[in-house]
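Position chain B relative to chain V; hints supplied.
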Amino acid sequence: MATSTVPNRWSASWTILRIALEERLVYRGDFALGTLMRFLPIVTQIFLWNTVFQAVAAPASGEQKLVAGYTYEDMVAYYLLTMLSRAFSSMPGLSSGIARLIRTGEVKKFLIQPIDLLWFHFLSRVAHKLAYYSVAIGPFALVFFLCRAYFPALPPTDTLGLFALTLILGFLLGYFLEVSLGLVGFWWLEISSLIFVYTLLSFFLSGHMFPLDMLGTKWHWAVQLLPLQYLAYFPAAVFLGKVTGSALWFGILIEMVWVVGLIALSRWLLRRGIVRYSGFGG
Amino acid sequence: MPIESSSNSSAQRPSYLAVLRTMLRNSLVRDMSYRSNFLIESITSLAWMIMNLGFYLVMFRFTAALAPGWGKYEFFAFLATTMLINSLVQAFFMPNAEEFSELIRTGNLDFALLKPIDTQFLISLQRVNWSSLSNFLVALCILAYSVYRMATRVMAPLPLHAWMFVAYPVYVACGVAILYSLMISLAATSIWLGRNQSLYDFWFYITNFSRYPMEIYEGSVGTPLRLFFTFVIPVMIVVNVPARIIAQPLGLSSNAGGASPPGPYPGFLLGFAIVATIASLIAARWVFQRALRSYRSASS
Numbered sequence: 001m002a003t004s005t006v007p008n009r010w011s012a013s014w015t016i017l018r019i020a021l022e023e024r025l026v027y028r029g030d031f032a033l034g035t036l037m038r039f040l041p042i043v044t045q046i047f048l049w050n051t052v053f054q055a056v057a058a059p060a061s062g063e064q065k066l067v068a069g070y071t072y073e074d075m076v077a078y079y080l081l082t083m084l085s086r087a088f089s090s091m092p093g094l095s096s097g098i099a100r101l102i103r104t105g106e107v108k109k110f111l112i113q114p115i116d117l118l119w120f121h122f123l124s125r126v127a128h129k130l131a132y133y134s135v136a137i138g139p140f141a142l143v144f145f146l147c148r149a150y151f152p153a154l155p156p157t158d159t160l161g162l163f164a165l166t167l168i169l170g171f172l173l174g175y176f177l178e179v180s181l182g183l184v185g186f187w188w189l190e191i192s193s194l195i196f197v198y199t200l201l202s203f204f205l206s207g208h209m210f211p212l213d214m215l216g217t218k219w220h221w222a223v224q225l226l227p228l229q230y231l232a233y234f235p236a237a238v239f240l241g242k243v244t245g246s247a248l249w250f251g252i253l254i255e256m257v258w259v260v261g262l263i264a265l266s267r268w269l270l271r272r273g274i275v276r277y278s279g280f281g282g
Numbered sequence: 001m002p003i004e005s006s007s008n009s010s011a012q013r014p015s016y017l018a019v020l021r022t023m024l025r026n027s028l029v030r031d032m033s034y035r036s037n038f039l040i041e042s043i044t045s046l047a048w049m050i051m052n053l054g055f056y057l058v059m060f061r062f063t064a065a066l067a068p069g070w071g072k073y074e075f076f077a078f079l080a081t082t083m084l085i086n087s088l089v090q091a092f093f094m095p096n097a098e099e100f101s102e103l104i105r106t107g108n109l110d111f112a113l114l115k116p117i118d119t120q121f122l123i124s125l126q127r128v129n130w131s132s133l134s135n136f137l138v139a140l141c142i143l144a145y146s147v148y149r150m151a152t153r154v155m156a157p158l159p160l161h162a163w164m165f166v167a168y169p170v171y172v173a174c175g176v177a178i179l180y181s182l183m184i185s186l187a188a189t190s191i192w193l194g195r196n197q198s199l200y201d202f203w204f205y206i207t208n209f210s211r212y213p214m215e216i217y218e219g220s221v222g223t224p225l226r227l228f229f230t231f232v233i234p235v236m237i238v239v240n241v242p243a244r245i246i247a248q249p250l251g252l253s254s255n256a257g258g259a260s261p262p263g264p265y266p267g268f269l270l271g272f273a274i275v276a277t278i279a280s281l282i283a284a285r286w287v288f289q290r291a292l293r294s295y296r297s298a299s300s
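From first to last, the protein sequence lines are chains V and B. Its first residue numbered 1, the first sequence is counted upward by one per residue in our numbering. Its first residue numbered 1, the second sequence is counted upward by one per residue in our numbering.
This is chain V alone, in the form it adopts within the complex (with noise of 0.2 Å):
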């Protein structure tokens, strides 16, 4: 990029993170729609744990009730955060839009073009967050303000730090995990069944169904070197304060690991695919 033909690479980020911007705000008016009914199946969640907390007996010495080390207020903050938590992981259409631009050909515009595939979509997806967020912030405020009684008071500073720090690279985690599946693409050509397979196991082992906590020992160690933790139940239990100390830098030097290895693995995918790759027509 040093010849100066080619414009800046830092003014043809802006433009597309611009551009992709102003495309998603189009649509403000639904995405803050959505954004509020995304929070129905919560309500539904909260009254359901409600009755489980009545149903479960009471410790002997008179404390609170727990599951899996979860007061019912725990709970319920727990389900609201990992709300919070996908609201930077989860990437819809991502793996399935990458395989379809290998599929129709359309990715030979990246091949031709002194753009990256990963860094524009890397991008638009920034764009999209920030779209999604300027909207959703309102829905998001009045959930969170009208649920406050469920909340613990606020943690203190350097956990809020690491509590921002997991979101950010839970969206880089979720980012380069959905694009590395979806380069497959090159391979596979129809990777729906792959994409299935990992809503599957990230609907389960996320922890967006469920507090991670509730599986016992025997799945911990599995859980906890998988990536999918860090998508929903990572940053809520760092929030909660179920994660501290050594556990705590332990679990984000994994998730660490696990961004940088993944951006090597979605690099390598796309060199190798590109080499494999023959496109024909026009």
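Be a bit skeptical, because a hint or two may be false.
Output of the computed footprint for chain V on chain B, the stretches with three or more beta carbons under 8 Å from beta carbons of chain V [stated by the list, open to error]:
{"id": "1", "segment": "54-67"}
{"id": "2", "segment": "159-170"}
{"id": "3", "segment": "207-217"}
Derived DSSO-like pairs (lysine-lysine); straight-line CA-CA distance at most 27 Å [stated by the list, open to error]:
{"id": "4", "chain 1": "V", "residue 1": "Lys-65", "chain 2": "B", "residue 2": "Lys-72"}
{"id": "5", "chain 1": "V", "residue 1": "Lys-242", "chain 2": "V", "residue 2": "Lys-65"}
{"id": "6", "chain 1": "V", "residue 1": "Lys-218", "chain 2": "B", "residue 2": "Lys-72"}
{"id": "7", "chain 1": "V", "residue 1": "Lys-242", "chain 2": "V", "residue 2": "Lys-218"}
{"id": "8", "chain 1": "V", "residue 1": "Lys-129", "chain 2": "V", "residue 2": "Lys-109"}
{"id": "9", "chain 1": "V", "residue 1": "Lys-242", "chain 2": "V", "residue 2": "Lys-109"}
These are calculated hints, taken from the structure and not from any lab test. Virtual Cβ for every residue (Gly too), placed ideally from N, Cα, C.
Just chain B now, with coordinates in the frame of chain V:
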């Protein structure tokens, strides 16, 4: 405006049963020509179901009952009822409701309107997704197992009566009819709105309220929610009524463990479910006809 299907009273009345049989057979032939796809779809929906079961199995490691009167096997019977009803809706009506908005967008609804048969009937049942019925079979197994476990346990075994096995399918059918009415009404609104992607999300979120025993909705927010989704949009009785028939036959108040249930009396619910089903079907018919009157063909 001028489009009105089968207005001529002297016209020959189509044989609905024969048409239905043909549509069922055609769908089966279509499904069977892509056999591996059929297999994958069945496995896919089964896998989701098993994941769902897994979640509740995890949950029952921490509690003996989900709500007063809903122990493990009672709730699994409830869950099986949810699956039965959903699999029927998914097999018969979901693909058609999806197709309906596509028909409107492309203008192909013209062809349906021109046929000498009731448009709602044709639109609702044209395409049947047989692979969803694999869920139906598995749900039946779960139901049978749960009932067997409840009936043979030492503590408070479930008394089985013949009327339960007659009433259960009737109320399952009522549940399917209520969900169908909701779905076809939502799909019909795409005539006015053009596209209705968020309406399907809406359907998913609304039916979310049918998935748990109605006892869990209590308190200053829960009671209004329960009343709303019982009497205004009756999704909460879709699963609750048949599930109660099989898991807690009449015995809501005789349940030893729980306090008296917050809901209305079971006898009242049995009657109300029938009324709600008929009202839903009539309302859906009305919405559908109104929507058709606003239809303007998109073709040429």
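Taking the hints in turn, this is what the structure says about them:
Judged by the Cβ-Cβ criterion of 8 Å, the segment 54-67 of chain B is covered by chain V as claimed, because 11 of its residues qualify and three suffice. Here's how the segment 159-170 of chain B fares: 0 of its residues keep a CB closer than 8 Å to some CB of chain V, so the rule of at least three is not met and the hint is violated. Residues of the segment 207-217 of chain B lying with their CB closer than 8 Å to a CB of chain V number 7, which satisfies the three-residue condition for coverage. Our distance criterion of 27 Å between C-alpha atoms is met by Lys-65 (chain V) and Lys-72 (chain B), whose separation comes to about 20 Å.
Taking the CA atoms of Lys-242 (chain V) and Lys-65 (chain V), the gap is near 16 Å; set against the 27 Å cutoff, the hint holds. The straight-line distance between the Cα atoms of Lys-218 (chain V) and Lys-72 (chain B) is roughly 22 Å, inside the 27 Å bound, and the hint therefore holds. Taking the CA atoms of Lys-242 (chain V) and Lys-218 (chain V), the gap is about 18 Å. The hint holds against a cut of 27 Å. Restraint check: the Cα-Cα separation between Lys-129 (chain V) and Lys-109 (chain V) comes to about 25 Å, which is no more than 27 Å; the hinted pair holds.
Among the hinted pairs, Lys-242 (chain V) with Lys-109 (chain V) is inconsistent with the structure: their alpha-carbon atoms are about 47 Å apart, more than 27 Å.
The structure fails to meet hints 2 and 9 from the earlier list, while all remaining hints are met.
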